[in-house]
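Chemist: Assemble chains B and C onto chain A, guided by the hints.
This is what each chain is made of:
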Amino acid sequence: MRALAVLAAVLLVACNAPAAAPSPSPSAVPVEKVTFIAGFKPQADLPFVAVYMAQAKGYFRDQSLEVDIQHATQGEHVQLLATDRAQFSTGAAGDVMKRVASAGVPLVAIAQIGQRDEQSFAVRADSPIRTLKDWEGRLVGYKTTVSAAYLALVSVGGVDRTKVREVAVGFDPRVLADGRVDVYPVFTANEPDTLARLGIPVRLFDPATYGLPGLGLTFMTNQQMVDTKPDVVTRFLRASLRGLADAIADRDAAIDVVMKYATGEDRAHQRYMLDTEIDAAQNDLTRTNGIGAMSRDSYVALRDFLLQYGGIAKTVDVDAVFTDRFIKDLYKDGRLVWR
Amino acid sequence: MSVAIALHNVSAGYQGPVLRDIDLEVGNEVVAVVGRSGSGKTTLLRLIAGLIEPTAGTVDLLGVAPAVARRRKRIGFVAQDARLHPWRTVRENVTLPLEVNRNARTNGHVTPEEWVARMGLSEAIDAYPHQLSGGMRQRVALARSLVIDPEVLLMDEPLASLDELTREDLRDELLRLWEGRARSVVYVTHDIEEAVFLADRVVVIGGQRPGRVRGEVRITLARPRTKAVRREGRFHDLVERVRTLLA
Amino acid sequence: MTARRTLVDLSVALAAIAGIALVLELWTRALRVPSYLLPAPSAVVARMATDAGLLAREGSITLGEAAAGFVLGTGIAFALATAMAWSRPLERTLFPLAILVKLTPIIAIAPLFTLWFGFGTAPKVAIAALITFFPMLVNSFVGLRSADLQEVAFLQTLGASGREIFRHLRVPSALPYLFSGARISLNLALIGAVIGEWTGADRGLGRVIFVANANLDLTILFGAVLVLAAIGIAANALVGAAERRVLHWHPIAVAT
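Here the protein sequences come in this chain order: A, B and C. Count the first sequence with our numbering and you get residues 1 to 339, in order. Count the second sequence with our numbering and you get residues 1001 to 1247, in order. Count the third sequence with our numbering and you get residues 2001 to 2256, in order.
Extracted from the complex, chain A is given alone in its bound form:
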């Protein structure tokens, strides 16, 4: 009997031993409470997944952070972040640039998760539209306004814009399914799968394949955090990127965690989203410098592109839009340094 008890005790201790690298002693650094507000509803967008995983695995706690995870419904995350009622959020690099350029909103991108444009244009797989020129005489939809990517594609493809009928379409992809538009703007990781599940497979016109500059989702914070609490920013990124690494290593486990937030969503669709975004998060830069790495050249190229095609009305200093000083220190030889 006693031997069994000892065995049980030993097993118990063994199971509870920390599996990964040693954690820092919590008493050394005071715990900082921060709010992370995801830019949209709970789903398997890569930065969201990073934060979900970090929370589930206790990485934030290890970094002396207490993170309250919120989700935006109508874009209020920008204002909350700007007023420091939230400290971290997500946003496409182009959107961050627009906010800073047009209204001087004090947002700062601190990690580039999506390394290419997250949007493309979908046509039904059975449609006769094969090249950009085929867009002439067709109905092309836009969601809020005509996007810079659209204008660039039109220019690159030599399309006569007067021959294209542009319609405002709202956010329901069924308009492509029932033929109300011929070309529909989509988030590459999202609607194509939704439409396929509706029985409407699609083909994509991806700006990246036409050599157009584009960047995807970032982690962003506000200028106040950058100036007054840089170590908190570092700790947040560190924990999130570790969560992200775990997600990439075990995608099923990652989706398990996502489903706890995204109740009612379709699991297979979430997996599609995750796979697509993981793919979009990796390129030569990240293979050398780690996921989230930022390139000033890319930001300049994006800025000039948006300026040329009316995505922003006036120019902006890219150094006001992003900083790579946090992400640079988190990786050594392409591997995340855990402290």
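Hints may be right or wrong, so weigh each one.
To be verified - Derived Cβ-Cβ restraints for the label pairs, each shown as a range:
1) C/L2090 with B/E1193: 36 to 44 Å
2) A/L151 with C/H2248: 55 to 63 Å
3) C/T2104 with A/D68: 33 to 41 Å
4) B/D1126 with C/L2149: 27 to 35 Å
5) B/Q1015 with C/I2099: 54 to 62 Å
What the hints assert, rightly or not - If you only want the chain C side, here are some residues facing chain B, beta carbon under 7 Å, derived:
6) A2153
7) G2159
8) A2160
As the list claims (entries may be wrong) - Chain C regions said to be covered by chain A (calculated; three or more residues, Cβ under 8 Å):
9) 2012-2020
10) 2211-2223
Just so you know, the hints here were simulated from the structure itself, not pulled from any lab data. Quick caveat: nothing in here was measured; it's all calculated off a predicted structure. Note that the Cβ used here is the ideal one computed from N, Cα and C, for glycine as well.
Modeler: Just chains B and C now, with coordinates in the frame of chain A:
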């Protein structure tokens, strides 16, 4: 004298009998119907107009069913609180009966304007009901019920909501109006003296529910009648006889 | 008397608005509130002046959609109310259906309308009509039924047909209710048109607000909202004036 209104063995009621075994004939005369509140006086008028069906017995109006008499526009109707159409002027309210059911030919040689004049309301002919006093409104109600020159006139306590002096004036008015033309008038009132003053016969409805005809009193006072007749001994005798029937 | 009183009312309202605007102006300046959080009233007004043409054009488009929707919704509501006032079995059948319509959240239906009716003005008019429908149905029905029963009896003794009673008595009796319903429904129709524009439109104040929100351009957003409010107020004043003319005989109009 031909019978204009004939009720034979009529019973009526909604959720229980209100009137039982009513026998009543009205010729070219004024018949006042008196009774306590709830004795079925209003039901009686609605029966005569054919607005409700009897549960037993027959109702004849000018020799035909009441519905036919209505279609022929032979019935005049005045209620206690005339709900004139507030969106119509006095002139337009009096003209309204001529605008509906145009198929029925009426005998009216008297124009609406003349009727308004007869009521002494010419100055107010373009006024709206809300600008008139209660007495004036009742005069308009009278005018509009008479404009189609009906052979049968049904009046449901038409003066009940007015003050005494106005009632006196309007009673004289009614007597004057009835003098001109052969008409059958059924006049419902709770005021015994008014009944005796105005009518040729007073029919008493009453008793426990359902109401029955308790009796009638023939009013032998001479016409034309003036206010002076109310001081005569005979007037009071007749009032007492009616009162006895009511008890 | 009425014109002078309207002028006084208007002045009081404007003074109140000016007071609030002044407080907000001082607030935003003193606290240096950034324009993407709360624009200073002066900035909003300046922007309205710069974009006056845009706001006027888009405003008239939204107004057109709302007006068309109001007329459509009211027409259907009145027709249905007539049927319901005519027959109690119809009333019992149709009323629950009307409540079903009322309880369906417009926000959920709006995208479906865009799917069914396309991207033109049709879905906006449909939504405005839908949102107008229930209040006008209830008001029409109650109004038609409010006809004095004694008067109905009076007309019946004259041998008037059901149609004549409807025309001469029920419809005029319903007018006060219809006007008070119109006050509510006109503004609802405006909101309906705006919501319709959010789910797929390239014109209209709703679209201006939508894009402004996406761009955090709050000055034009508030500008558009103010224009919408002005349209609503003007519409109400118009209904009020029409009501005073048509219902001059109504006790309430007489008293005020």
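Chemist: Each hint should be assessed against the structure and marked as holding or not.
Modeler: Structure-based check of each hint:
1. A beta carbon spacing of about 50 Å between C/L2090 and B/E1193 contradicts the range 36 to 44 Å that was offered as a hint.
2. A beta carbon spacing of about 59 Å between A/L151 and C/H2248 agrees with the range 55 to 63 Å that was offered as a hint.
3. The given range of 33 to 41 Å is respected by C/T2104 and A/D68, whose C-beta atoms sit roughly 35 Å from each other.
4. For the pair B/D1126 and C/L2149, the beta carbons lie near 28 Å from each other, so the given range of 27 to 35 Å is met.
5. Taking 54 to 62 Å as the suggested C-beta distance range, the pair B/Q1015 and C/I2099 does not conform, at roughly 31 Å.
6. The beta carbon of C/A2153 comes within 6 Å of a beta carbon in chain B, closer than 7 Å, and the hint placing it at the interface holds.
7. Given hint, C/G2159 at the interface with chain B, holds; its Cβ is 4 Å from that chain's nearest Cβ, closer than 7 Å.
8. For C/A2160, the suggested interface contact is upheld, since its CB lies about 4 Å from the closest CB of chain B, less than 7 Å.
9. For the region 2012-2020 of chain C, the proposed coverage by chain A is not satisfied: 0 residues have a C-beta within less than 8 Å of a C-beta in that chain, short of the threshold of three.
10. Only residues whose beta carbon comes within less than 8 Å of a beta carbon in chain A count, and the region 2211-2223 of chain C has 6; three or more means the coverage holds.
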